[in-house]
Amino acid sequence: MTKRFGEITALDGVNLSIEDGEYVCVLGPTGAGKTTFLRIVAGLLEPDEGEIYIDGKCVNNLPPEARDTVYMFQQYALFPHMTVWQNVSYGPEIKDWNREKVEQLTAEILEMVRLAERRDAYPHELSGGMQQRVALGRGIASGARILLLDEPLGALDARLRVGLRTQLRQLVKDQGLTAIHVTHDQEEALMIADRVVVLRNGRIEQTGTPHEVYSRPNSIFVASFVGGANFVEGTIIGSSDAGSVMEVLGGLQIKVAVSDVGAGEKAVLAFRREDTWVGEEEVAGSNNLPGVIVSATFIGDSMEYEIRLENGVSIVSKILMSDAFKAYTEGQRVVASFPPEKGHVFPYPVMGLLKEVEAI
Amino acid sequence: MPEVKLVNVTKRYGKIVANDGVTLTLKDGEYVSVIGPSGCGKSTLIKNIAGIITPDEGEIYFDGRRVNELPIENRGIGYVFQNIALFPHMSVWGNVTYGPRVRGLSPEEMRPLAIEMLEMIKVNERSDAYPNELSSGTQQKTAVARALTSRAELLLLDEPLGALDVKVRAALRSELKRLVKDLKLTALHVTHDQEEALSISDRVVVMKMGRIVEEGAPIDLYTHPKNLFTANFVGEANFLAGEVVKASGKNVLVELEEGPEIRAEASDQRMGDRVVTAFRPEFVNVETNGVNRLKGRVVDVLYSGSTVRIRVKLGKGSIVVAKQMLHSEAATIHVGDDITLSIPPQRILVYPYPEGGLEKELALE
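Just so you know, the sequences run in chain order A and B. By the numbering used here, the letter at position 337 of the first sequence is numbered 337, and the numbering carries on one by one without gaps. By the numbering used here, the letter at position 135 of the second sequence is numbered 495, and the numbering carries on one by one without gaps.
Mixed in with the good hints there might be a few duds.
In silico lysine to any residue, SDA-like type, Cα no more than 20 Å apart, as pairs [stated by the list, open to error]: (1) B/720 / A/125; (2) B/568 / B/683; (3) B/375 / A/353; (4) B/527 / A/324; (5) B/527 / A/187; (6) B/537 / A/306; (7) A/173 / B/660; (8) B/482 / B/537; (9) B/720 / B/706; (10) A/326 / B/580; (11) B/541 / A/330; (12) A/342 / A/253; (13) B/527 / A/306; (14) B/586 / A/300; (15) B/482 / A/187; (16) B/527 / A/303; (17) B/541 / A/166; (18) B/673 / A/170; (19) B/683 / A/330; (20) B/673 / A/306; (21) B/683 / A/324; (22) B/527 / B/510; (23) B/537 / A/314.
It is worth saying that the hints were derived from the structure and are not from the lab.
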């Protein structure tokens, strides 16, 4: 699938299959082509090249209403002069179903989105989260089997958003629907999706289960955009079946997973903040990097430590403050450690490291 | 830099009381965040301080001086909105020097000021760029610099990072905090994002229906919230209702409606009190040898980066969420497994059962 807007190629030869009943999140920064992708699937935009198939049937020439899809925007677009009940039953009613069937369906759906008690309310009397649930109910009432969700939680307060994630997933799964959910929020994508598609500059950078994309990023961009990481420049000095060794600033040698980057070549090491442990002593089998705590930032369930290593490089460690958590203070000498298999090595990017990381 | 004091500030819009007797002091150089659900009155609060609106009752003082009637331009504040309000036809330099220029500063006077600000926000190399050539994060940083070239000592931030991508938002948090601290400003930051508030502030104020519910240092507010509303709104928590069946000193034994009895540390509960226990998902252990055991069946396993969230349905249907590092034993758990959870007593918070019912108290909308 390819789509151009003037000189800009918004989608550049995208190939993707989504299975029946799958919940897919399309994740990428602003301008990656996420919305264009979704609008093409919905039939709101025509691709310049390529085909879209639904259940094996090419739908390029089908209008949106004939595609078995329903498109939901970030802004809920409810009918303001209609009640919750009327908004949800609108689709079935215009399809001219019999009254009893419409009523039964509408009642079921309102129960499902937990708004049965608010059936007579008008949209402006509801909170943002409730309005979004009405919109979702209306989408489901359309009978379409494919939900296209464009930043569906984007307009909601952070606290509410987190709660609705699991509800949204549960609803889609209970109804056996297929969902394509576009978001720039990597945490949302990781938590909600069966499979994550990372889009960048109109191309698919990586697809995989949330766990795969997070634990085995295939580029610096994915490592940086999905989950965030520490990045350290260096040179590969040797490889064996057991792994590779990289030398970084200050002559420090770091053991990493086996890498394709050849000895003597410049490389970038990425390791997750969450995989970086902070302690007073070295951890056997891990890379142990002595340094000093520069800052400690409490972010709720976790603590983020910034550590300046002896070679001057700063890294971040993010530690879940579970029962075993131990606090360290600014200025304290510590050892930051991470296991070799958590170190991902990438060839040094042609355009420089900053470009790959800052494109975000 | 000023100390800001609000005493019994009330503001009504028709029948709605947006601020209902708010008393709050921002200390000199303090970074305070205000959080709360939509409609709690946090934006009204910041507008009262800015002088965009005038309170119906109560007083506002800057360094001991009453400012209720002082016009916005004389309050010495910098104000940054969610919607980036840069002049599109002016370069970064033009935007940042706009304030000094209209105040009649000569180019020689404003030059060092503008350079200092642009260096602070690390945008000095882009001073000739126009807003549409900049990323949204850089645009918002420019808006902050512009607010500060007026030599403001009090920075008011109304959802300043709200319009930005999540990733950019997280990166700008620490820059904003550093800027405020380096310039020794006093800052009030309104946000709906609790993680942002916890990470950026010296103190967090929680509002609900026009009133301050609770305030405290981020870590205190998160680990020892004084009331149920805060426990629910700041961070995630599990809630299980029950009754106190034994109380001695700081230890209570609560018989949960779910069945099991759990031990907790609490001070002001008595035998027979109906209570709600609350505990954070990260303190729920998935091991069989701990205390306070809860048995249930795994209904969902969700990965979020390096942590795994395990949703467990207890015998009578309550859901308890456990959050653990992926490399712990939690990684071997699957949907459908019968498991035993345990929660350390000192991690369990105990609250009086709310009068209007638990569900209503926990509703965020």
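Status of each hint after checking the structure:
1. B/720 / A/125: holds (17 Å)
2. B/568 / B/683: violated (28 Å)
3. B/375 / A/353: violated (56 Å)
4. B/527 / A/324: Not satisfied, since the Cα-Cα distance of roughly 28 Å exceeds 20 Å.
5. B/527 / A/187: Holds - the C-alpha atoms of residue 187 of chain A and residue 527 of chain B are around 10 Å apart, at most 20 Å.
6. B/537 / A/306: holds (15 Å)
7. A/173 / B/660: holds (12 Å)
8. B/482 / B/537: Holds, because 14 Å separates the two Cα atoms, which is no more than 20 Å.
9. B/720 / B/706: violated (27 Å)
10. A/326 / B/580: holds (16 Å)
11. B/541 / A/330: holds (16 Å)
12. A/342 / A/253: Distance of about 15 Å is within 20 Å: holds.
13. B/527 / A/306: holds (17 Å)
14. B/586 / A/300: Roughly 16 Å separates the two Cα atoms, so the pair holds.
15. B/482 / A/187: violated (28 Å)
16. B/527 / A/303: holds (17 Å)
17. B/541 / A/166: violated (38 Å)
18. B/673 / A/170: holds (14 Å)
19. B/683 / A/330: It is violated: about 27 Å lies between the C-alpha atoms, which goes past 20 Å.
20. B/673 / A/306: Given pair residue 673 of chain B, residue 306 of chain A is violated - Cα atoms ~38 Å apart, limit 20 Å.
21. B/683 / A/324: Cα-Cα ~13 Å, so holds.
22. B/527 / B/510: violated (29 Å)
23. B/537 / A/314: Cα-Cα ~18 Å, so holds.
In terms of the numbered hints stated before, the structure departs from hints 2, 3, 4, 9, 15, 17, 19, 20 and 22, listed from lowest to highest.
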